[in-house]
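*Asks:* In case you want the letters, here they are:
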Amino acid sequence: MSKHGTQISNIKRMRKMKENLQSYSLLLPNLILFIAFSIYPCIWTLKFIFYRYGGIGTPDPKFIGLDNIIRVFHDEIYWKTVRNTLIYAGAKIVLIIPLAFLLALFLNKQRKGNGLVQSVIFVPTIMSSAVMGLVFYLLFNVYNGQINRFLLDWNVIKQPINWLGTDHAMKTLVITAIWGGIGNYMVYFIAGLQRISEDTLESARIDGANRLQTLWYITVPMLGPILKIILMISITAAFNDMSNVMVLTEGGPDNSTMVMSLYGYQFFFSISPGSIVSKQYGYGAAVSAVSALIAGGITVFYLFVSKKLDDVY
Amino acid sequence: MRKRKLLAFLLSVALTATMMAGCGKSVDKSGDTPSTTESTDESKTDSEATGEKTKVVIWSKDRHDADLITSKVDAYNGNNTDNIEVDYQIYTENYEQAIDMAFQSGEAPDIIVHQTQIFQKYVNSGRWADYTPYMDDDFKATFGSVIIPGMNEIDGKVYYVPTTGTTGRLFYNKAIFEKAGIANPPATLEEMVEDARIITSKLSGEGIYGFAANMKSPGSALGRSLLYQVQRELGLSYGYDFAAGKYDFSGYEPVINSWKTLLSPECAFPGCESLDIDPLRTQFADGKIGMYISYTHAEPGVYKNQFPMKDEWGVVQIPVSDGNVKGAQSYIANGGYLFNAESKNLDAAWKAYRAIFTDIDYLAEYYEQGLGISIIPAVIEKAKPAQVYIDNADLLIGDTDAIWPLAPQEVNANAVLVEGMDMYATFGSMMLGDADIKSGLKDLTDRYNAALKAGIDEGTGTEIKIDSFNPKNPSK
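Chains as they are written, first to last, in UniProt numbering: chain B, 1 to 313; chain D, 1 to 476.
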């Protein structure tokens, strides 16, 4: 290479370095926050998987190797919470996505009052889940809940239903979660619908497609990319839902609504007086890590399967 | 272009710097945030130089007595001649976590209102100051009866002095019992079950049921009821047999069976499995629940102020099988104050504590207002108890109650790390679900003993065995 060529190459490299420096300097604040509040806690948690530790003020952590992980695999309650989480997440996603889509379709039209209805449906999303849990407790409790009162008044049922009892508590939680999250997904769908060109829909109609055909062959496929994101968010959200379970049932009765995240949480923080023998950071960390692997595995599987959605558009 | 790059770089540096500044230790001494130890040092140095007051910071978890205490603190701050200012702060939420963080960051207050878990957690690490160097003859004479080895006196060091006590009793609605044709409250466990059944069968059409428990949290429900019932019924505490030095839950079977019936539709208020204590209280106040078991210190105030009750309620001892009481019932000793051993203001803190919280007039007023049931003889002698205590003598700590030695998991919760469900969750499964009681209790016994052994082997737990232990007189 000639001397001139080397100089040009050096200048290009310098320019590239400057650009990189600028990018990294802009990235730095977020990077520090990310390391401090995401990476460090993860490493901290992972470290305690191998220790027996009861938290601040208790004896120093003691290295116990893989005992905590082995205990997770022998913990029947934990695997019950995994099953509960899959039921909860599955039911929530299967119901909330179509409902949010239908609402979005209905409210996407330029119609008087649609903005207000959208806002009303969105309100639960910004409501504290603790408050939401309490409101739903008042609605669903068996002795003076409004739902039972309404059903009894209308002769739909003869005896009050124990909505928070073993047989129905999970259904009640799913209903609460749908009510709390549907507004959010509706907004995502509306954003997706508004990206679809009116010309495309018009062409389909000119070609003789009826409304249902337009919906099925044009709208749904064109929502593919956003649907992929919505499903991804809904899966991760469903696997991490905890606060409404904590307020409404505390995972009971008899662990019938205990989900993975709440089960792990209670080894770090008591959810109610006497809810657990003692804080067990090491075991809590092991439970959280295994739960994260399960949720992560399902998400990765979903991403693998959903590649087709990307190919549609 | 170069200007834009420079601007971008400066902005990012500024952002990072601002953020890092936020991560630094705050030196702000204003607001509700407790002062740091360093700031206390500073203030002390300053106070010496400028004649400013020495600040004593107290953290409390209680709000029910806040009016009385803050008035006393204000009076003390206005009148004391020791140049001391007491800063009384209430942390009703996450009290334990707040204290953990405060100790971790070296910002713990001078005085902390006693809570059993917090006391036990830090007592072995020397966080609490010893009272004994400060205790004068007058103090010993007044509070000597509540200084109990193993509870607040450990290895000759006294760490707090309780002034009030609470325990569990059965509360019942007199009007409901009368309506159901039941002349007296239950004296035995069998009567309790039968009374609950009668009330539910006769009055459920009117929405009135025999029995309720806040089983949303089995720990909360059974910790205020079954714990005491079993102490009376079996002479065991937390399933621990002090004479044998091991756990034995096998004797719980008849009691759990009775509870299973009590919580079944033939006796129980519907929805007990999702009931919290306050919703339960609202229904009791509304005349929908015949009886339930709860704490003596709380319920009178609840039905007077929080959920005023039209019907008259009564209170009796917790029934046991055939009325055959085999053990005394423990009570929780409250109203103690722990001193931070690392406090730079221990002398001032002791002076303030003595002047405000050990004053007999204050303690009598506390008792008379129904804020707590006194266990201090001088206070009981002086005070005129609130009418509710005169009408319901079983609310008071009496001859049937005693301080129990601490079970291994009370001494050190980390010494008994039980795999699987804890005792209360297990009992809840048996009472509300289909779990087999006999085999479940055997499994629970095995798991607790295995956990205890592991704790002892690891050096975190200690073997507790009391020869000739008498559950009727457990503190001797």
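Quick caveat, the hints were computed from the structure, so don't treat them as lab data. Ideal placement from N, C-alpha and C gives every residue a C-beta, glycine not left out. Hints are supplied without guarantee of correctness; some may be wrong.
Claimed, not checked - Reference listing, derived: stretches of chain D covered by chain B, where coverage requires no fewer than 3 residues with Cβ under 8 Å from a Cβ of chain B:
1) 213-223
2) 328-340
Said to hold, decoys possible - Some chain D residues judged to face chain B by a derived CB distance under 8 Å, without partners named:
3) Trp313
4) Leu417
5) Thr460
6) Thr462
*Asks:* Run through the hints listed earlier and report the numbers of any the structure violates, in increasing order.
*Replies:* 2, 3 and 6
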